[in-house]
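2 protein chains.
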Amino acid sequence: MAEDQKIKEKCSDCSVRELCFPMEITDADMTQLDVLVKTKIKVRKKEYLYRQGDEFNSIYAVRVGFLKTAITNSQGEEKILGFNMSGELLGLDGFANNKYESSVVALHDSEICVIEKNRIDEISQTFHPLQNCLQKILSTEIVRNNNLSISMSSMNAEQKISTFLLNLGQRFKMRNQSENHFILRMTRSEIGSYVDLTIETVSRTLRKLESMGVIKIHSKLIKIIDINKLKENLISCQT
Amino acid sequence: MAEDQKIKEKCSDCSVRELCFPMEITDADMTQLDVLVKTKIKVRKKEYLYRQGDEFNSIYAVRVGFLKTAITNSQGEEKILGFNMSGELLGLDGFANNKYESSVVALHDSEICVIEKNRIDEISQTFHPLQNCLQKILSTEIVRNNNLSISMSSMNAEQKISTFLLNLGQRFKMRNQSENHFILRMTRSEIGSYVDLTIETVSRTLRKLESMGVIKIHSKLIKIIDINKLKENLISCQT
DNA sequence: TATTGGATTTGATATAAATCAATAAATTTA
DNA sequence: TAAATTTATTGATTTATATCAAATCCAATA
Numbered sequence: 001m002a003e004d005q006k007i008k009e010k011c012s013d014c015s016v017r018e019l020c021f022p023m024e025i026t027d028a029d030m031t032q033l034d035v036l037v038k039t040k041i042k043v044r045k046k047e048y049l050y051r052q053g054d055e056f057n058s059i060y061a062v063r064v065g066f067l068k069t070a071i072t073n074s075q076g077e078e079k080i081l082g083f084n085m086s087g088e089l090l091g092l093d094g095f096a097n098n099k100y101e102s103s104v105v106a107l108h109d110s111e112i113c114v115i116e117k118n119r120i121d122e123i124s125q126t127f128h129p130l131q132n133c134l135q136k137i138l139s140t141e142i143v144r145n146n147n148l149s150i151s152m153s154s155m156n157a158e159q160k161i162s163t164f165l166l167n168l169g170q171r172f173k174m175r176n177q178s179e180n181h182f183i184l185r186m187t188r189s190e191i192g193s194y195v196d197l198t199i200e201t202v203s204r205t206l207r208k209l210e211s212m213g214v215i216k217i218h219s220k221l222i223k224i225i226d227i228n229k230l231k232e233n234l235i236s237c238q239t
Numbered sequence: 001m002a003e004d005q006k007i008k009e010k011c012s013d014c015s016v017r018e019l020c021f022p023m024e025i026t027d028a029d030m031t032q033l034d035v036l037v038k039t040k041i042k043v044r045k046k047e048y049l050y051r052q053g054d055e056f057n058s059i060y061a062v063r064v065g066f067l068k069t070a071i072t073n074s075q076g077e078e079k080i081l082g083f084n085m086s087g088e089l090l091g092l093d094g095f096a097n098n099k100y101e102s103s104v105v106a107l108h109d110s111e112i113c114v115i116e117k118n119r120i121d122e123i124s125q126t127f128h129p130l131q132n133c134l135q136k137i138l139s140t141e142i143v144r145n146n147n148l149s150i151s152m153s154s155m156n157a158e159q160k161i162s163t164f165l166l167n168l169g170q171r172f173k174m175r176n177q178s179e180n181h182f183i184l185r186m187t188r189s190e191i192g193s194y195v196d197l198t199i200e201t202v203s204r205t206l207r208k209l210e211s212m213g214v215i216k217i218h219s220k221l222i223k224i225i226d227i228n229k230l231k232e233n234l235i236s237c238q239t
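Sequences listed follow chains H and U, in order. Residues 1 to 239 in the numbering used here are what the first sequence spells out, letter by letter. Residues 1 to 239 in the numbering used here are what the second sequence spells out, letter by letter.
Read the hints as simulated data drawn from the structure, not as lab findings. None of the values given here were measured: they were computed from a predicted structure. Accuracy of the hints is not assured; some may be wrong.
The list makes no distinction among identical chains, and a pair is therefore deemed to hold if it is satisfied within one copy or across any two copies.
Claimed, not checked - As a list, the in silico DSS-like pairs of lysine-lysine whose alpha-carbon atoms are at most 30 Å apart:
(1) K220 <-> K79
(2) K136 <-> K42
(3) K223 <-> K136
(4) K38 <-> K136
(5) K173 <-> K223
(6) K99 <-> K173
(7) K231 <-> K220
(8) K173 <-> K40
(9) K79 <-> K45
(10) K216 <-> K79
(11) K220 <-> K173
(12) K99 <-> K231
Modelling step: build the complete structure from the supplied sequences, incorporating the hints.
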């Protein structure tokens, strides 16, 4: 962990203004919020932002990059809980027991804003909207997980992979990147862990979608040829 | 929904002292917190506490009873997210979008403390520990969901049912009820929805555990004969 | 640039759980 | 209390996906 800290380089200032805080606040409020972020760090590919069990001191906001959040279970197997991209917050599970319950690793060089817990406490004492904001953020995470669990469990392999690709594309789109032409920064095995399929089934399902003319794959590069077909496919599969 | 409101009877005062708030606070603090709860309501078996989409005004604490939390998906199918018993908080998903994202139904006559959102906001402005408390509660819910998703996905039917029974027993134990002798207040179908198995598989698996001499079932009544065997079974199944 | 090791693909086979179907038990309602 | 309805059990069969195994691709590195 000490090494990790060394590697994370500090970089220029990081404004919360650039982040996707889910609340309606004025510019004046925003300026207040900027003080939340004091440091920005770089986390290079394969490096950890934090590890399961680390003491909880900060939450993080992804400025640029791509990361994964995972838990390691008692048998040492890794389960991917999600993939994280710019504007998203990390470390929210730390509030529970004052330690992180998951690990976050960069799958691509990333820049991360550090939001210290102390700073949050400090500021929210005088600036009340921040409390509500945090409540919203945490609750949204609960809802997201609930929705994920309802959907994934009832889907077959084709639906899982289709949903996964559509979701990624949508999130890229929101960041002004191509919705239907992107790089999968994770391995097939990581996809499998996330959607609960074996690596072989992930591979076969991608190939199947390709043979259907819905997508095109060149190793890590995905091109969604017919996004409507992909969505239809999703619906028509459902029983 | 109007009918539901009618049916919910107000009852005598309800103290937060009796609830399981996950924080270390003094008695003096506690007295402050008691003001959070103004009303207590009764929700009879099969009645809704709130419905998916209802406006979010309060969170709830179960005083006594047994309930289920569920989402209905776009195809009208119900997915059980959890079963709720005394001391547990409900409605935390409401903070996200100011409406409940799930429904809660009593599976047994229940008494529920109402904690109004306004009241929380009001009090947390002057009494700061409440903010941290709420952060902890919300984050704990995130962690719980994460852990659930990691475990359920990698388990076979026997492990799922064993885990389910052990978890229920443990929670009864914490409430000073029998750990190994209790009533399943939910249907087989609801169990199945919760652990992601069909009703037939739930039935067969319960029967299998009975034939192994681990449990004893008389319709809704469960008796855990050999709790260690049930736990072992859990471990030995794991690959 | 060749070598090495990990990641991916592809095929053959096994299997756990779903589905289909029919009966039985338990609850609700008349 | 009987009839009706819902819930649960049990058996036969199917199927989607896991598992096993081998080949190929790709990226790191020496």
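Status of the hints after comparison with the structure:
no.	hint	verdict
1	K220 <-> K79	within (21 Å within a copy, 34 Å between copies)
2	K136 <-> K42	both (27 Å within a copy, 28 Å between copies)
3	K223 <-> K136	neither (35 Å within a copy, 42 Å between copies)
4	K38 <-> K136	both (23 Å within a copy, 24 Å between copies)
5	K173 <-> K223	within (14 Å within a copy, 54 Å between copies)
6	K99 <-> K173	between (33 Å within a copy, 27 Å between copies)
7	K231 <-> K220	within (21 Å within a copy, 42 Å between copies)
8	K173 <-> K40	within (25 Å within a copy, 47 Å between copies)
9	K79 <-> K45	within (19 Å within a copy, 38 Å between copies)
10	K216 <-> K79	within (27 Å within a copy, 34 Å between copies)
11	K220 <-> K173	within (18 Å within a copy, 50 Å between copies)
12	K99 <-> K231	between (39 Å within a copy, 27 Å between copies)
Consistency with the previously given hints fails for number 3 only.
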